[in-house]
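Protein chains in written order, with the numbering used here: chain A, 309 to 396; chain B, 309 to 396.
Read the hints as simulated data drawn from the structure, not as lab findings. Treat the hints with care, since some could be wrong.
Which copy is meant is left open, because identical chains are indistinguishable; a pair holds if it fits in one copy or across any two.
[What the hints assert, rightly or not] List of simulated lysine to aspartate or glutamate pairs, EDC-like, C-alpha gap at most 16 Å:
1) 363 / 381
2) 379 / 330
3) 373 / 356
4) 329 / 339
5) 373 / 330
6) 363 / 339
7) 363 / 378
8) 373 / 352
9) 363 / 375
Nothing here was measured: the structure is a model prediction, and the numbers come from that model.
2 protein chains.
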Amino acid sequence: MGILSFFTKNKTKVGSAQTAKERLQIIVAHEHPGSTVTPAYLPELQNEIIEVVKKYLTISDRDVKCELTDKVDSNMSVLEVNIAMPKS
Amino acid sequence: MGILSFFTKNKTKVGSAQTAKERLQIIVAHEHPGSTVTPAYLPELQNEIIEVVKKYLTISDRDVKCELTDKVDSNMSVLEVNIAMPKS
Chain A
309 MGILSFFTKN
319 KTKVGSAQTA
329 KERLQIIVAH
339 EHPGSTVTPA
349 YLPELQNEII
359 EVVKKYLTIS
369 DRDVKCELTD
379 KVDSNMSVLE
389 VNIAMPKS
Chain B
309 MGILSFFTKN
319 KTKVGSAQTA
329 KERLQIIVAH
339 EHPGSTVTPA
349 YLPELQNEII
359 EVVKKYLTIS
369 DRDVKCELTD
379 KVDSNMSVLE
389 VNIAMPKS
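Can you build the whole structure from these sequences, using the hints too?
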């Protein structure tokens with residue numbers, strides 16, 4: 309299944325009240341076959357990507373939700389950043 | 309289907325020769341309901357994200373493949389960055 313589950317998980321949460329909301333979703337998936345070690349750079353990369361996004365969009369930190377998950381079975385580390393935005 | 313297709317598309321391409329290769333995949337999906345206009349910032353955001361990744365990983369421009377797609381039916385713009393990495 310891999311990182312597909314991150315999207316299906318979110319899709320099921322979207323109700324009619326949220327339908328009109330703008331949303332930015334950033335997924336960073338690192339496949340590292342042959343190693344079970346999570347890349348150490350991912351949390352820092354996450355912060356830098358959010359800083360870059362802030363140059364282009366007006367977002368506050370409370371609108372940003374981040375999650376770092378390891379899929380041990382597939383040697384994949386997945387960083388998920390969800391940003392809810394005020395309607396432009 | 310949404311952006312699920314981007315992942316399934318790549319999965320089907322992975323053969324035995326590529327199995328051991330490290331891969332970084334970055335997906336930026338912007339849902340903008342009520343507007344069919346592609347966010348103008350996405351191509352610039354793409355370049356800045358790649359510059360950030362270069363701080364942490366040794367990659368060359370030829371290893372980076374980018375694709376910007378509009379899903380008109382769901383008012384979603386999807387930026388996909390695929391980076392093949394030398395085995396660490």
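So, going through the hints one by one against the coordinates:
Taking identical chains as interchangeable, the C-alpha atoms of residue 363 and residue 381 are never at most 16 Å apart, the minima being 36 Å within one chain and 28 Å between chains. For a Cα distance limit of 16 Å, the shortest separation of residue 379 from residue 330 across copies, 15 Å, qualifies, whereas the shortest one inside one copy, 29 Å, does not. Taking identical chains as interchangeable, the C-alpha atoms of residue 373 and residue 356 lie at most 16 Å apart only when both belong to the same chain, with a minimum of 14 Å there against 21 Å between chains. For the identical chains of this complex, residue 329 and residue 339 are inter-copy neighbours only, at 8 Å across copies versus 31 Å inside a copy, given an alpha-carbon limit of 16 Å.
Proximity of residue 373 and residue 330 under a CA criterion of 16 Å is satisfied intra-copy only: 14 Å inside one chain copy versus 26 Å between copies. Taking the shortest alpha-carbon separations for residue 363 and residue 339, neither the intra-copy value of 29 Å nor the inter-copy value of 18 Å comes in at or below 16 Å. Taking the shortest alpha-carbon separations for residue 363 and residue 378, neither the intra-copy value of 29 Å nor the inter-copy value of 22 Å comes in at or below 16 Å. Taking identical chains as interchangeable, the C-alpha atoms of residue 373 and residue 352 lie at most 16 Å apart only when both belong to the same chain, with a minimum of 15 Å there against 23 Å between chains.
In this assembly of identical chains, residue 363 and residue 375 lie within 16 Å of each other by CA distance neither inside one copy nor across copies; the values are 22 Å within and 21 Å between.
Violation of the numbered hints given earlier is confined to hints 1, 6, 7 and 9; the remaining hints are satisfied by the structure.
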